[in-house]
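Build out the structure end to end from the sequences listed, making use of the hints.
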Amino acid sequence: MTAVAKMTKVGTLDSQKGPHLMAPRPAYKLADKPTSDHLCTLVERIANHRDRAAFEELYRHFAPRLKAYGIRAGADPITAEELAQEAMIMVWRKAGYFDRRKATVSTWLFTIVRNKRIDLLRRQNRPELDADDVMAMTEPEATQDEIMASQQSDAIVRQSLSILPEDQKRVLTMAFFEEKSHSQIAEDLSLPLGTVKSRIRLAMNRL
Amino acid sequence: MSMVVLHADEGLMLDYASGALSEPMSLAMATHLSLNKKSAVDYDALNAVGGALLEDLHAVGADEDDFGLSDVLSRLDDEPVRARPVGFSSVTTDVVPAPLRDYLPSDLDTLPWRRVAPGVEEYSIRTGSNEGRTALLKIQPGQSMPEHTHGGREITVVLKGSYVDGCETYRRGDLQEADEEANHQPIADHKDGCLCLIVLDAPVKLTGRVGRLLNPFIRF
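From first to last, the protein sequence lines are chains B and D. Going by our numbering, the residue at position 176 of the first sequence is 176; the numbering climbs one at a time, nothing skipped. Going by our numbering, the residue at position 46 of the second sequence is 46; the numbering climbs one at a time, nothing skipped.
Warning: the hint list may mix true and false statements.
[Stated by the list, open to error] So the derived label-pair ranges between C-beta atoms look like this: (1) Ser198(B) to Arg171(D): 24 to 34 Å; (2) Thr173(B) to Lys38(D): 22 to 32 Å; (3) Glu166(B) to Ser89(D): 48 to 58 Å; (4) Gly194(B) to Asn130(D): 27 to 37 Å; (5) Arg170(B) to Ser89(D): 41 to 51 Å; (6) Thr173(B) to Asp102(D): 26 to 36 Å; (7) Lys38(D) to Ser162(B): 21 to 31 Å; (8) Cys167(D) to Arg170(B): 14 to 24 Å; (9) Ser74(D) to Ala155(B): 29 to 39 Å.
[To be verified] Here are the simulated lysine-lysine pairs, DSS-like style, with alpha carbons at most 27 Å apart: (10) Lys197(B) to Lys38(D); (11) Lys197(B) to Lys169(B); (12) Lys169(B) to Lys191(D); (13) Lys38(D) to Lys102(B).
Quick caveat, the hints were computed from the structure, so don't treat them as lab data. Note that the Cβ used here is the ideal one computed from N, Cα and C, for glycine as well.
Written as structure tokens, this is what we have:
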């Protein structure tokens with residue numbers, strides 16, 4: 001968390017377009033692996049200009065991952081592709097709600113596809129909190145650090161995930177990909193509930 | 001161990017973030033997270049994990065198709081811009097967070113409240129789930145709920161005022177989780193009373209001496 005708090009404060013949209021003086025240019029080509037910053041800019045172009053080219057680029061990057069997510073969640077390939085498409089349409093519709101100060105595009109897309117999956121595969125509504133409302137409803141003691149904490153870049157979280165002990169990572173992947181509750185995970189792994197909870201807590205503290 | 005804490009525990013939090021909770025339980029979590037900054041930060045962190053796992057997924061069937069891009073592009077123009085629902089007065093918006101407001105047909109003061117016990121009124125919330133029970137409870141100052149246990153899990157989120165249960169006080173935004181073994185008797189604050197959201201997996205059972213006699217008649 002301390003590393004996150006030290007991150008450079010995100011400036012206005014215009015300053016994002018300029019050359020990145022702070023960060024060295026990535027070694028790989030942008031088309032292969034878009035930076036987190038670039039993905040944010042694509043969503044903002046959709047929000048501000050209804051930019052179809054930006055949408056296409058996002059689609060090419062995320063649709064295969066969203067489909068893979070659907071398949072991991074137990075959907076057949078056709079339903080999984082439908083899930084990916086519906087999630088991407090939500091991106092088009094809700095791009096105006098995206099706020100790069102609050103989440104990365106991957107995180108935002110994860111919340112969209114998770115909620116779509118519940119809607120599409122389980123035919124259930126998903127009550128979701130509204131980020132603006134959280135700010136309005138909670139006491140004004142939210143510190144800058146806390147706000148910064150939600151800006152964790154993909155890179156930091158992914159790096160932390162990669163060094164997470166296997167037993168902790170297993171609980172997380174079973175939860176996020178197999179739609180298992182923590183008590184089902186405990187049952188599947190023949191572990192006491194308390195052990196699963198402490199693994200979740202440990203993983204959360206590390207991340 | 002039965003009673004839990006003032007903010008959601010890690011298991012409940014992960015279940016909400018991964019999407020494993022039922023609609024009513026998700027509603028309780030969304031309400032709690034809207035009111036509790038600490039839990040909201042934990043939730044953001046778990047979503048970031050979901051995002052990182054999604055980013056690391058290997059593409060399925062990479063080269064052979066465009067994943068329906070052309071279809072999707074042809075559908076984009078017709079999509080309406082999403083409007084934020086409005087229509088509540090500050091009586092409601094000051095107290096009830098957005099995800100829960102979506103389940104209310106009118107302002108708090110004009111809901112069809114129903115008296116379910118002395119000093120206790122209830123508005124039953126319709127969700128897409130037929131199981132269990134989701135409701136707002138309005139408890140008069142100093143009024144206690146009949147002592148009860150649960151056939152399943154119960155989550156209570158305080159919206160206004162407070163209540164005391166055992167030696168713990170639950171205030172606005174706090175969440176209490178009670179399981180099957182918990183036998184509890186919440187007492188509403190003496191000054192302001194209490195308004196809370198309750199979500200039950202299964203009906204409660206009354207356990208007090210009088211309560212046992214009322215069991216066949218009362219549900220709350």
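Numbered hints the structure breaks, given as an ascending list: 8, 12
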